[in-house]
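A.B. asks: Using the sequences and the hints given, assemble the complete structure.
Protein chains: 4
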Amino acid sequence: MTDLPVFGAGIWHFATYKDRYATDGYGDPVGLLEQIDRAGAVGDLSVVDLNWPFAGYDGTLDDVKAALDRNGLRAIAITPEIYTRDFVKGSITNPDPAIRKRAIELLHEATELAKDLGCSYVKLWPGQDGWDYPFQVNYHDIWNLALDGLRELVSAHPDINFVIEYKPREPRVKIIFPNVARTLLGIEKIGLPNLGILLDFGHSLYGLETPADAAQLAIDYGRLFAIDVNDNLRGWDDDMVVGSVHLVETFEFFHTLRKNNWEGVWQLDQFPFREDSVEAAKQAIRFLKAVHLALDTLDEEALAAAQASHDALASQRLIQRALLTSMAGLEDA
Amino acid sequence: MTDLPVFGAGIWHFATYKDRYATDGYGDPVGLLEQIDRAGAVGDLSVVDLNWPFAGYDGTLDDVKAALDRNGLRAIAITPEIYTRDFVKGSITNPDPAIRKRAIELLHEATELAKDLGCSYVKLWPGQDGWDYPFQVNYHDIWNLALDGLRELVSAHPDINFVIEYKPREPRVKIIFPNVARTLLGIEKIGLPNLGILLDFGHSLYGLETPADAAQLAIDYGRLFAIDVNDNLRGWDDDMVVGSVHLVETFEFFHTLRKNNWEGVWQLDQFPFREDSVEAAKQAIRFLKAVHLALDTLDEEALAAAQASHDALASQRLIQRALLTSMAGLEDA
Amino acid sequence: MTDLPVFGAGIWHFATYKDRYATDGYGDPVGLLEQIDRAGAVGDLSVVDLNWPFAGYDGTLDDVKAALDRNGLRAIAITPEIYTRDFVKGSITNPDPAIRKRAIELLHEATELAKDLGCSYVKLWPGQDGWDYPFQVNYHDIWNLALDGLRELVSAHPDINFVIEYKPREPRVKIIFPNVARTLLGIEKIGLPNLGILLDFGHSLYGLETPADAAQLAIDYGRLFAIDVNDNLRGWDDDMVVGSVHLVETFEFFHTLRKNNWEGVWQLDQFPFREDSVEAAKQAIRFLKAVHLALDTLDEEALAAAQASHDALASQRLIQRALLTSMAGLEDA
Amino acid sequence: MTDLPVFGAGIWHFATYKDRYATDGYGDPVGLLEQIDRAGAVGDLSVVDLNWPFAGYDGTLDDVKAALDRNGLRAIAITPEIYTRDFVKGSITNPDPAIRKRAIELLHEATELAKDLGCSYVKLWPGQDGWDYPFQVNYHDIWNLALDGLRELVSAHPDINFVIEYKPREPRVKIIFPNVARTLLGIEKIGLPNLGILLDFGHSLYGLETPADAAQLAIDYGRLFAIDVNDNLRGWDDDMVVGSVHLVETFEFFHTLRKNNWEGVWQLDQFPFREDSVEAAKQAIRFLKAVHLALDTLDEEALAAAQASHDALASQRLIQRALLTSMAGLEDA
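Protein chains in written order, with our numbering: chain A, 1 to 333; chain B, 334 to 666; chain C, 667 to 999; chain D, 1000 to 1332.
Please keep in mind that the hints were generated in silico from the structure rather than gathered at the bench.
Any given hint could be a false lead.
Stated by the list, open to error - Dumping the calculated DSBU-like pairs for lysine-lysine here, alpha-carbon to alpha-carbon at most 30 Å:
no., chain 1, residue 1, chain 2, residue 2
1, D, Lys-1188, A, Lys-259
2, C, Lys-855, C, Lys-925
3, C, Lys-781, C, Lys-731
4, A, Lys-282, C, Lys-855
5, D, Lys-1188, B, Lys-615
6, D, Lys-1100, D, Lys-1114
7, B, Lys-522, C, Lys-855
8, D, Lys-1188, A, Lys-189
9, C, Lys-855, B, Lys-592
10, B, Lys-615, B, Lys-398
11, A, Lys-259, C, Lys-948
12, C, Lys-925, C, Lys-948
13, B, Lys-522, B, Lys-592
14, B, Lys-522, C, Lys-925
15, D, Lys-1188, D, Lys-1114
16, B, Lys-592, D, Lys-1281
17, D, Lys-1258, A, Lys-189
18, D, Lys-1064, D, Lys-1281
What the hints assert, rightly or not - Coverage of chain C stretches by chain A, computed from C-beta distances (three or more under 8 Å per stretch; other residues unrestricted):
no., stretch
19, 894-903
20, 907-920
21, 937-946
22, 949-962
23, 977-984
24, 987-993
Note that CB positions come from ideal geometry on N, CA and C, so glycine has one too.
C.D. replies: Here it is as C-alpha cells:
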C-alpha cells in the first residue's frame, strides 16, 4: 500500500448541534477543548479546521494550543463565523455598510489568528450571503459586493491562502457562490494568487455537479486548495458519514485527485447529529482507507483506455473490481 | 366577494429561529405572550396553533389565555414538541421503550391541554421519527411502532381530533409519514374516526406531489382535517411566504378545497427567518385574499368543461384571467 | 454460496431507442427475434418480459416461441403498450371514452396472450395516464377512472396476476400511480387478490422513497409481485446499469427481499442507449452476483442488533465489510 | 404601453414529437413548410429558429424562404442537429476523431446556411456531449475537446455570432455546458467576441440557478446573445408553456432584461407534446404580453429601494401589485 494521506476534520464534527426544531440541541454542549480531545481520540486525524470566534469558550488561546498539542493535532485552517446572528442577511454582501465593515474586520482578525496558529488557509464560507425570494436583491450589485469584499480581504494578506467553500444553498435559499464554475469566475476576476477553492464533495453532489469533474476544473485553474468529504442523498447537505451512500463517486473523486498528484488533506466535514462523533470519524476513515487501497489496485492503464473511448461498461468493471475487493485487504474492516 | 375564510397561523411564525449555523438565533428571543401579541397585530388572524411545552415560558396558562383573548385569538390546535432533544432518535418510534413511553405521556398531556383550551385538534408532527442512513432501521418494525403508538394515543381520546402532518424529510433524512398516500394507508389501518391529516402545502410540493391532488385524495377519504400554507423552491421546506413563488398551484389548491366545500382555516406555516413576522403574515394574507377573490371570478363551468377534456391550454387561460386580475379588485394591494 | 436467483430482463433492454432529440434512433433497429437472441447471449437470463403489440414484427407467434426456446428463455410477463400514439393523453384514464374502451380491449388481448405464453403476470405501466399542467384535470375523476378501469380488467381474469409498475413521472409530468403507497391505496380499494405491484428500484429511488422500505411495505400488504432493477442519479429515470451508482441501497433492497423470503425474479429494466446491450446485462449480473454473495456473508444477527437500536454506524460497518469484499469471492470479476 | 418586444419561436415548437415510449410519435408528422405555416398562424411571431439538416424535408431552400416570406417570418438562427444518431456519443467531444471531424463539417455547413438566410446567430446545443456514468470519461480531456472544437468553428466565421445553449442534462445524464458560469468560463477561455450564450429560462430553472441572476451575469460579461422561454417543475426540462407555473420568476427574468436595456427576441422553446401547437404559442404570448404590461406598471423606484435593503416583503408586494393586475389591462385575456 502506498503511504496513507493526511486525514483531517472540521472541529465542529465533534460538537453537538442545534437546528430549527431541536433548538435545545442534539445533546449536551461540548466545549472546544473537549472537541479537540475527541478529535484526538479518533486516532487517525492529524489536522483540524477551527471555527472562530471560539463559541462558548472563555479560556485562553494557549489552552487551545496545548489541547491541540497533546492530541497530536495541528490547526490547518480557521473558519470565521460570518453566518451567525449579526450576519443573517449577509456578511460581505450585507445591505448595511456597517455590517459589511464588521464582517471584514472579523475576517481580518481571523486571518491574524490563522497566521499565529500556522494555518495553511482561512476558509470563507459565506452561507448567509445570497437571497431567499425572487426580486429580493439586485444580482449585479450583490455579486460585485462579494468580489469587492474578497479583493479587499485577500489582497491585504498575501502571506496566507484563502479558500471559498461554495455551496448551492442553506442557510440562504440561494448562496452567491453556489458551484465550482461561478466561484472560479469570481476568483479569476479578482485575480489574486492566494485565493482558491475548498471543494466540499457533498456540496458538489447535491449542486448537480459531478464532484470529480468539479475537482478537475479547479485543478486545471490551479485553484483547488482544499477539499472536504461527507455524503448525502443528492437533495440537501446532509453531511452524512463518507461512504454511506456514494461509494463510486467518492472513489472517482479521490481518483481524480491522485491522477493530478494533488496532495492535500483528506478532510471530514460531517455532522453526526445522532451518532457518536468519534465513531463517525472512525467509520469514515475506515472507508477512506479502503478507497486509498482501491486506488492502489485499480488498473490505471486499462481505465485510461476505457475512458479514451468513453466505454462506461469497461470502466465500471474495472472500478468495481477494485472497490468491491478493497476491504478484503484492510485489517480494521 | 363571498365571505372571507378564517385565517390562522402557527404561533412559531412570530418567534425567532435558530438553525445549525446561526446557533445564537436570527434575532432576540421572543416570549410566548409577545408572540401572541404579534399574531394579534396582524389584524386578520382569528386562530393560532400553539406549541407545547411552552418553551422558555414560565408564566401561567391563564396568562396565555388572557393574551389570546385580548388579541381576539383562539387556540385551534396544540402541537406537542416531540422533536426536541429527548426525541432526536424518534418519539413514538424511538428504539428505546422508555423514551417511547415518555413521548406518549407527553402526547397525552398535550391532548388534555388541547381539550382545556377548546382546540379543534392535536397536531402530530413526527419529524424525528424516521431514519438517516441505509440499513439503519428495520422498516417493518418502525412502521408498526408508529401505528401502535398512534392507535394507543388516538383511541384514548375519542372526544378530540388528531392530525398527522406528513413531511418527506427534515430534520430526519427520511420521515415515516412522508406523503399523503402513506399517511392515509396508516390511518386506514388504524381505523379510528378521529385521526386525519394536516396537509402542509409546501411539504406536498417538495415531496413531488401535486398539492391539489393530495388534498382531493385526503378529502375523498374523509381525512382532510386541516391545512397549512407557505411556499418553497420544490427542493426543501423553505417555509417562505405564501404566494412568493407558486401562485398557480396555490390557487389550484384552494380551488380544490372550495370545490369540495371544505371549510377549514387557511393557516400559515411560515418561517420568516430574516423578515418582520407581522409583515410576513400581512403579505401572505394579502395574497390569500387575492386568491379568494380569484376563486369568486373564476368561470367554474368553463373550467369543468376544459378539465373534462384535459385541455391544459383552455384551463390555463381561464385561471390566468382570474388570477392576473385578482389584485385589481383588492383595496389593500 | 446459496443458490443464485433467477435473472430476467425486459426485452426492450436489447432493442435500440429513440428519444425526442435522436428521433432517428440510437442505432439500427433491432427486430424482436434478434432482441431475444441477444437476451439469450447474455448467458445468465432465464426469463424475459415482452412488450405487446410486437412493434415492427410481422412474423408469427410460433416464431417468437421458437426464439425463446432456442435461447432457453421463458416469457414471464407481457407489457401491453398503452403509452404509444393512441394513448398519449391516457389509456384507462383517457378523457375520450372511445379511447378508454380501446385501451381496455388491448389489455384484454394482451392478457390472453400472456395466458397463452404461460406468463406469471401482465404488467400495467400507465405512463401516459396523468397530467402535465396545473388545473388540467379533475383529480377526483381521473383517479376513479383509473380504479374503475383496473377493476374491470383485473376482475375479468382471475386466473392470472396483474402488476402496476408505479413511477413518479415521464412521459407525463405526473403519473397517476407515482409511489408505492398511492398504488397500494388503489389496490386495496379495488380489493382483488390478483392485482399487485412491480417495484422498479429506480422509480422508487428518484421518487424520494427508500426502495427497501417501499419493498417492505408492499410485502407487508402481500402485494409485491415483481421487481425491476436499474440505477439513476435520483433525479430522473435514467435506467442505468444496476450497481453503477447506488451500491448500498441496491444491496439493502435485496437484503429486504431475502429477509422476507421473497423469491421472485431479479429482473433488469435498463436502457443502454449508448452501450452494447449484451455487455450491459452482463455487467449488471456480475454486480448482482456480488450482491448475492454479500448477502451470504453479511452478519445478520449483528445487523439485527444494530437496527434494533437504530445504530447507523454499526450497520454501515457490517454492510461495508460484506459489500466491499464481495468481488474477492467472485470468479468472473 | 411601451412597444411590444419581437416574439419568436423554435420551429420545432410546431412539429410533432417522439420519445422513448411513444416511438410512433405524438401525432402525424408535420413537414417543415407546414411547421412554418403554423408559426405564421400564431399571428404574433416575427422570427423562427430553424433546425438543420431539414429532417424529412426534400424540397428546395427557396421553398423554405418562400414559406417564411408568406408568413411574415425571418430566420433568426440555425440550430445544427449535432445530437442525432451519428452523434449520440458526442459531437465535438466524440471519442472518435472521425465523428468529431464530421460534426465540425456539419457545423461549418450550417453556418454557411445561416449566413445565406441572414440569421443573427448559429445556435450550438451539445446535448449529446457529456457523460452518463461515473468514471466514463476523462473530464480534463472532454472539456478541452469542447473548447478546441468551438475555437476552431467560431474563429473561422468572424462575420456571424454563435451561441451556446447550456443545459444541465438530457439526453446525456450530464452535459459539458450545464450552467451559465461554466459556459462563461469556457467562452472567456476561448476569447472570441462572436461566441455568447443563449439562456434558456427552463434550463436555468431546473439547473438550480435563479434565471434572472444567470441573465445578469451573462449580461455583465457581454455574452447574453439570445434567450428562450418555457416552464417546468424544476426537476426536468419539461418545456411547458411559459407562465404555466413560474409567473414570478419569469417576470423577474424579463425585468432583468429590461433593466439592462437588453433588446433581443422573446423566444419560445416549448414542446406542446399533447397540445395544439398554435394555441400553445398563443397562450404563451398572451402571458408574455401581460408580463410586458406589468413591467410598464411596476414601480421601479420603489423596487430599487426595496432591493437596496434586501427587503423581500416590500418587493413581493410591489411585484404582485403589478403582476396580479396585469391582465386587467389586456384586451385579449
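A.B. asks: Which of the numbered hints are not met once you compare them with the structure shown?
C.D. replies: Violated hints (numbers, rising): 4, 5; every other hint is consistent with the structure.
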